[in-house]
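Undergrad: Each chain is listed here by its residues.
Protein chains: 2
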Amino acid sequence: MAESKPKLYCAWFCPFAHRAWISMLAKGVDFDYIEQDPYNKSAEWLAINPRGLIPVIRHNNKLIYESHVCIEYIDEAWPNEPRLLPKDPYQRAKARIWGDFVSKKLIPPYYRFLLKQSPEVQNEAKEQFLANVLEFTQAMDQPGPFFQGKELGYVDIMFAPWAYRIYILEHYRGFKIPETDEYRRYHVWAEAVKNHPSVKPVQQDKDRVLADAKPYAEGNAKSELADAVRKGSTIP
Amino acid sequence: MAESKPKLYCAWFCPFAHRAWISMLAKGVDFDYIEQDPYNKSAEWLAINPRGLIPVIRHNNKLIYESHVCIEYIDEAWPNEPRLLPKDPYQRAKARIWGDFVSKKLIPPYYRFLLKQSPEVQNEAKEQFLANVLEFTQAMDQPGPFFQGKELGYVDIMFAPWAYRIYILEHYRGFKIPETDEYRRYHVWAEAVKNHPSVKPVQQDKDRVLADAKPYAEGNAKSELADAVRKGSTIP
Numbered sequence: 001m002a003e004s005k006p007k008l009y010c011a012w013f014c015p016f017a018h019r020a021w022i023s024m025l026a027k028g029v030d031f032d033y034i035e036q037d038p039y040n041k042s043a044e045w046l047a048i049n050p051r052g053l054i055p056v057i058r059h060n061n062k063l064i065y066e067s068h069v070c071i072e073y074i075d076e077a078w079p080n081e082p083r084l085l086p087k088d089p090y091q092r093a094k095a096r097i098w099g100d101f102v103s104k105k106l107i108p109p110y111y112r113f114l115l116k117q118s119p120e121v122q123n124e125a126k127e128q129f130l131a132n133v134l135e136f137t138q139a140m141d142q143p144g145p146f147f148q149g150k151e152l153g154y155v156d157i158m159f160a161p162w163a164y165r166i167y168i169l170e171h172y173r174g175f176k177i178p179e180t181d182e183y184r185r186y187h188v189w190a191e192a193v194k195n196h197p198s199v200k201p202v203q204q205d206k207d208r209v210l211a212d213a214k215p216y217a218e219g220n221a222k223s224e225l226a227d228a229v230r231k232g233s234t235i236p
Numbered sequence: 001m002a003e004s005k006p007k008l009y010c011a012w013f014c015p016f017a018h019r020a021w022i023s024m025l026a027k028g029v030d031f032d033y034i035e036q037d038p039y040n041k042s043a044e045w046l047a048i049n050p051r052g053l054i055p056v057i058r059h060n061n062k063l064i065y066e067s068h069v070c071i072e073y074i075d076e077a078w079p080n081e082p083r084l085l086p087k088d089p090y091q092r093a094k095a096r097i098w099g100d101f102v103s104k105k106l107i108p109p110y111y112r113f114l115l116k117q118s119p120e121v122q123n124e125a126k127e128q129f130l131a132n133v134l135e136f137t138q139a140m141d142q143p144g145p146f147f148q149g150k151e152l153g154y155v156d157i158m159f160a161p162w163a164y165r166i167y168i169l170e171h172y173r174g175f176k177i178p179e180t181d182e183y184r185r186y187h188v189w190a191e192a193v194k195n196h197p198s199v200k201p202v203q204q205d206k207d208r209v210l211a212d213a214k215p216y217a218e219g220n221a222k223s224e225l226a227d228a229v230r231k232g233s234t235i236p
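Respectively, the protein sequence lines represent chains V and Z.
Take 1 as the starting number for the first sequence in UniProt numbering and just add one per residue.
Take 1 as the starting number for the second sequence in UniProt numbering and just add one per residue.
Honestly, I wouldn't trust all of these hints.
A pair counts as met if it fits within one copy or between any two copies, since identical chains are not told apart.
[As the list claims (entries may be wrong)] Here are the computed lysine-lysine pairs in the DSS-like style, where the Cα-Cα straight-line distance is at most 30 Å:
hint, residue 1, residue 2
1, K87, K222
2, K41, K150
3, K41, K176
4, K116, K27
5, K27, K150
6, K27, K7
7, K87, K5
8, K5, K231
9, K7, K116
10, K176, K87
11, K231, K62
12, K41, K27
13, K231, K104
14, K150, K62
15, K116, K87
16, K62, K206
17, K231, K116
18, K87, K231
19, K150, K116
20, K150, K87
21, K7, K231
22, K126, K7
23, K200, K231
24, K222, K150
25, K87, K27
26, K41, K87
The hints are simulated quantities; they were obtained by calculation from the structure and are not laboratory data.
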């Protein structure tokens, strides 16, 4: 199955791309990392991938895209341990339910909070984000430290790129996840994720990340994602 | 794994619930169908499922929800043939990519077209829906008749409940998928899906479905889905 060396088309700053990148590292896949600038798509890149999506895996002359699909693909095309999804059907369903929760309930309010300029909308988004982080926290396995137990897996990877860059919200919005009892398990999780050997290498220089996030915080970022948040429509 | 008889909490009119229902039938699972009224949630139902979601599978004292997660759960908890997802990792990724396309690119414009009252917005939604149905069609396996070949599978089930009730859009908006060459493969697909032995039994009386859809077509339906479409936010 995995006979040819896969290429991962990535962007250093893109949290969705980080999901595929972390998964490659976690599975120990031998891959070529290819940096792409989604704001300045090369002709070569558009010839392969007309929609110019990031991340994309090119493997055996096929393209795999959508970051959550990439995680499962990497887990299935390289079926060695560690498994990013558990083996038990209910635990697999639980991984997908909470991965979906990240997409629908954590990421949209995160970006509304960062992009929207009205203090009322920011406040509504912050409250929503906090309430949903709490619900996410309460669904975590005890004692963890990861979402479903001792090993880094699908749900962790789904939210990791926003969790280890939560300092963006601290810097631009003065926001922190509270250090209260009800969020204690969240902080245990976030520390474990941030320090995992497959997650550490993808984290970038903080100043560079903050500079990249500035157009978002000022509400004038030019990207499909930013447009979707401004219009309030489904995140692509 | 599958030692106890599963219960499927469903609503006869809910297309998301139909996905789980079709999957149970396609896999030949012995299950109890339990009709629930999401507009009038019973105390018993809320005790089991505080969020009152539809569909929910109750199996081995666990709850599985989110309709696309239910399809994969049913396929994995009862691993007999037919498999709703293919075995090959790339084909599995393809199923998930196009299932995700249904959620993000077909269902939102479908509901905007049905719910929104302004002719301009209806027209924009119709054009979007048609363009996206064409993209979906062009990704289908040749010769089919199903999305990924000879057997009904994940992608088919993801869109089936809207495809076999496309008459709602005909009745309320005078809309039909064109009978042109470029949509020919779509009609082959839609006929095969509608007539599949696991899809036929879940289809309901047309007049009853049209009456149920009326508040949507008149823009005043009271549901989380309708609220999301009116606000333009992510469909729950």
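Undergrad: Indicate, hint by hint, whether the structure satisfies it.
TA: These are the hints, each one checked on the structure:
In this assembly of identical chains, the alpha carbons of K87 and K222 never lie at most 30 Å apart, being 41 Å within a copy and 39 Å across copies at closest. Neither within a single protomer nor between protomers do K41 and K150 lie at most 30 Å apart by alpha-carbon distance, with minima of 40 Å and 38 Å respectively. Proximity of K41 and K176 under a CA criterion of 30 Å is satisfied in neither setting, with 35 Å inside one chain copy and 37 Å between copies. For a Cα distance limit of 30 Å, the shortest separation of K116 from K27 qualifies neither inside one copy, at 37 Å, nor across copies, at 46 Å.
In this homomeric assembly, K27 and K150 come within 30 Å of each other (Cα to Cα) only inside a single copy, at 16 Å, whereas the closest approach across copies is 33 Å. Within a single copy, K27 and K7 get their C-alpha atoms as close as 15 Å, which meets the 30 Å cut-off; across copies the closest is 36 Å, which misses it. Proximity of K87 to K5 under the C-alpha cut-off of 30 Å is found in both arrangements, the shortest distances being 26 Å within a copy and 21 Å between copies. Taking the shortest Cα distances, K5 and K231 never come within 30 Å of each other, neither inside one copy (40 Å) nor across copies (45 Å).
Taking CA atoms no more than 30 Å apart as the test, K7 paired with K116 passes in neither setting, with 36 Å inside one copy and 43 Å between copies. For a Cα distance limit of 30 Å, the shortest separation of K176 from K87 qualifies neither inside one copy, at 35 Å, nor across copies, at 44 Å. Taking the shortest alpha-carbon separations for K231 and K62, neither the intra-copy value of 33 Å nor the inter-copy value of 38 Å comes in at or below 30 Å. Taking the closest pair of Cα atoms, K41 and K27 come within 30 Å of each other only inside a single copy of the chain (29 Å); across copies the shortest separation is 44 Å, beyond that limit.
Taking identical chains as interchangeable, the C-alpha atoms of K231 and K104 lie at most 30 Å apart whether they share a chain (16 Å) or sit on different chains (15 Å). In this homomeric assembly, K150 and K62 come within 30 Å of each other (Cα to Cα) only across copies, at 22 Å, whereas the closest approach inside a single copy is 33 Å. Taking identical chains as interchangeable, the C-alpha atoms of K116 and K87 are never at most 30 Å apart, the minima being 41 Å within one chain and 43 Å between chains. Taking the shortest alpha-carbon separations for K62 and K206, neither the intra-copy value of 34 Å nor the inter-copy value of 42 Å comes in at or below 30 Å.
In this homomeric assembly, K231 and K116 come within 30 Å of each other (Cα to Cα) both inside a single copy, at 11 Å, and across copies, at 16 Å. Taking identical chains as interchangeable, the C-alpha atoms of K87 and K231 are never at most 30 Å apart, the minima being 39 Å within one chain and 39 Å between chains. In this homomeric assembly, K150 and K116 never come within 30 Å of each other (Cα to Cα): the closest approach is 37 Å inside a single copy and 48 Å across copies. When the C-alpha separation of K150 and K87 is checked against a cutoff of 30 Å, the pair qualifies both within a copy, at 14 Å, and between copies, at 28 Å.
In the homo-oligomer, the alpha carbons of K7 and K231 never lie at most 30 Å apart, since the shortest distance is 33 Å inside one protomer and 40 Å across protomers. Taking the shortest alpha-carbon separations for K126 and K7, neither the intra-copy value of 37 Å nor the inter-copy value of 37 Å comes in at or below 30 Å. Taking the closest pair of Cα atoms, K200 and K231 never come within 30 Å of each other, the shortest separation being 34 Å inside a single copy and 39 Å across copies. Taking CA atoms no more than 30 Å apart as the test, K222 paired with K150 passes in neither setting, with 39 Å inside one copy and 43 Å between copies.
In this homomeric assembly, K87 and K27 come within 30 Å of each other (Cα to Cα) both inside a single copy, at 16 Å, and across copies, at 20 Å. In the homo-oligomer, the alpha carbons of K41 and K87 never lie at most 30 Å apart, since the shortest distance is 39 Å inside one protomer and 34 Å across protomers.
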